[in-house]
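Student: In terms of the working numbering, the sequence shown is residues 1078 to 1316.
Derived from the structure by calculation, the hints contain no laboratory data. Each hint should be verified, as a subset may be incorrect.
[What the hints assert, rightly or not] Computed cross-link-like contacts, DMTMM-like style, restricted to lysine to aspartate or glutamate with a CA-CA straight-line distance of at most 20 angstroms:
#: 1; residue 1: K1286; residue 2: D1258
#: 2; residue 1: K1174; residue 2: E1192
#: 3; residue 1: K1166; residue 2: D1104
#: 4; residue 1: K1166; residue 2: D1200
#: 5; residue 1: K1174; residue 2: E1158
#: 6; residue 1: K1165; residue 2: D1275
#: 7; residue 1: K1174; residue 2: D1104
#: 8; residue 1: K1095; residue 2: E1231
#: 9; residue 1: K1165; residue 2: E1205
#: 10; residue 1: K1165; residue 2: E1281
#: 11; residue 1: K1165; residue 2: D1282
#: 12; residue 1: K1298; residue 2: E1205
#: 13; residue 1: K1298; residue 2: D1258
#: 14; residue 1: K1166; residue 2: D1148
#: 15; residue 1: K1298; residue 2: D1288
#: 16; residue 1: K1165; residue 2: D1148
#: 17; residue 1: K1286; residue 2: E1302
#: 18; residue 1: K1165; residue 2: D1194
#: 19; residue 1: K1166; residue 2: D1194
#: 20; residue 1: K1286; residue 2: E1231
#: 21; residue 1: K1166; residue 2: D1282
#: 22; residue 1: K1286; residue 2: E1304
#: 23; residue 1: K1286; residue 2: E1251
#: 24; residue 1: K1166; residue 2: D1204
#: 25; residue 1: K1298; residue 2: E1192
#: 26; residue 1: K1165; residue 2: D1257
#: 27; residue 1: K1174; residue 2: D1188
#: 28; residue 1: K1166; residue 2: E1297
#: 29; residue 1: K1286; residue 2: D1188
#: 30; residue 1: K1298; residue 2: D1194
#: 31; residue 1: K1165; residue 2: D1104
#: 32; residue 1: K1298; residue 2: D1275
Just so it is clear, the structure is predicted and the values come from calculations on it, not from any experiment.
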Amino acid sequence: MTGVQTCALPISFLRDLKTLLWWLSVDNTFSALARTNLNHLRSPRVIHACQSAYARDVAAALGLNPCMLSDYTVTPDIAREPLTLRAKKLCLNGGGKVIFDLGAIAARIRDAAPEADIVLIADMPRDEVYGHFASSRLFVDLGSFPGKDRMAREALSLGVNAVIAAAGAGRHAEDYRFPDDYRWRMADIDELVALAVDMLRRPEDHSRKFDPARVAIRNEKAVFEVETRAAFGLSGGET
């Protein structure tokens, strides 16, 4: 759900329809929700499905009785080397959800690890992004995580270790199933730089801690199919 205003009909029409609202980028809904009588959304005829645990918690706080309806990660079957054989390359998410000075962060990392090759992932074709993920040791995403964003999951599925911002869905162990040590608390740059350098130089020491996340990503499609049937009230034999 990227905002109630995306609905083609006035929100009051929901009272006459059985409707499923899929909550995706939750942060984008707040301005629209402020202009909406939430009782339209609390109708028992409206089903609220959430792509992330973050969205589920927000919807539950609004009294909307949400269910889970996640999604699944798709990456190409491309060649990838073991982490220790890859160059000391770090990919930085350079998208619009990042408020931090990535140039300054990259400079600090290069000062601490002159051998680091830092690539800014921004305005890049998907195939090029996947190529960088398949040949990097680390992906750093300091975005706002308004939902369970795909790039961190794509990177993990292509063998990269990751550091993400402890923000939005990035704070949730259900959304990203790895230790909190890899969720930057958005305050201490020295802490971020030290962690990034250590992960570049000793990738195998960190990689096993991402195994639960990678298993969860491989299972996403099967989970999504189960959640879809539950959300629409279907039994196992129905389509």
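Student: Take the hints in turn and mark each one as holding or not.
Tutor: Hints and how they fare:
no., hint, result
1, K1286 / D1258, "holds, 10 angstroms"
2, K1174 / E1192, "violated, 28 angstroms"
3, K1166 / D1104, "violated, 31 angstroms"
4, K1166 / D1200, "holds, 19 angstroms"
5, K1174 / E1158, "violated, 30 angstroms"
6, K1165 / D1275, "holds, 11 angstroms"
7, K1174 / D1104, "holds, 11 angstroms"
8, K1095 / E1231, "violated, 34 angstroms"
9, K1165 / E1205, "holds, 18 angstroms"
10, K1165 / E1281, "holds, 13 angstroms"
11, K1165 / D1282, "holds, 15 angstroms"
12, K1298 / E1205, "violated, 24 angstroms"
13, K1298 / D1258, "violated, 27 angstroms"
14, K1166 / D1148, "violated, 29 angstroms"
15, K1298 / D1288, "holds, 17 angstroms"
16, K1165 / D1148, "violated, 31 angstroms"
17, K1286 / E1302, "violated, 27 angstroms"
18, K1165 / D1194, "holds, 6 angstroms"
19, K1166 / D1194, "holds, 5 angstroms"
20, K1286 / E1231, "holds, 17 angstroms"
21, K1166 / D1282, "holds, 16 angstroms"
22, K1286 / E1304, "violated, 27 angstroms"
23, K1286 / E1251, "holds, 15 angstroms"
24, K1166 / D1204, "holds, 17 angstroms"
25, K1298 / E1192, "violated, 38 angstroms"
26, K1165 / D1257, "violated, 23 angstroms"
27, K1174 / D1188, "violated, 26 angstroms"
28, K1166 / E1297, "violated, 28 angstroms"
29, K1286 / D1188, "violated, 27 angstroms"
30, K1298 / D1194, "violated, 34 angstroms"
31, K1165 / D1104, "violated, 34 angstroms"
32, K1298 / D1275, "violated, 33 angstroms"
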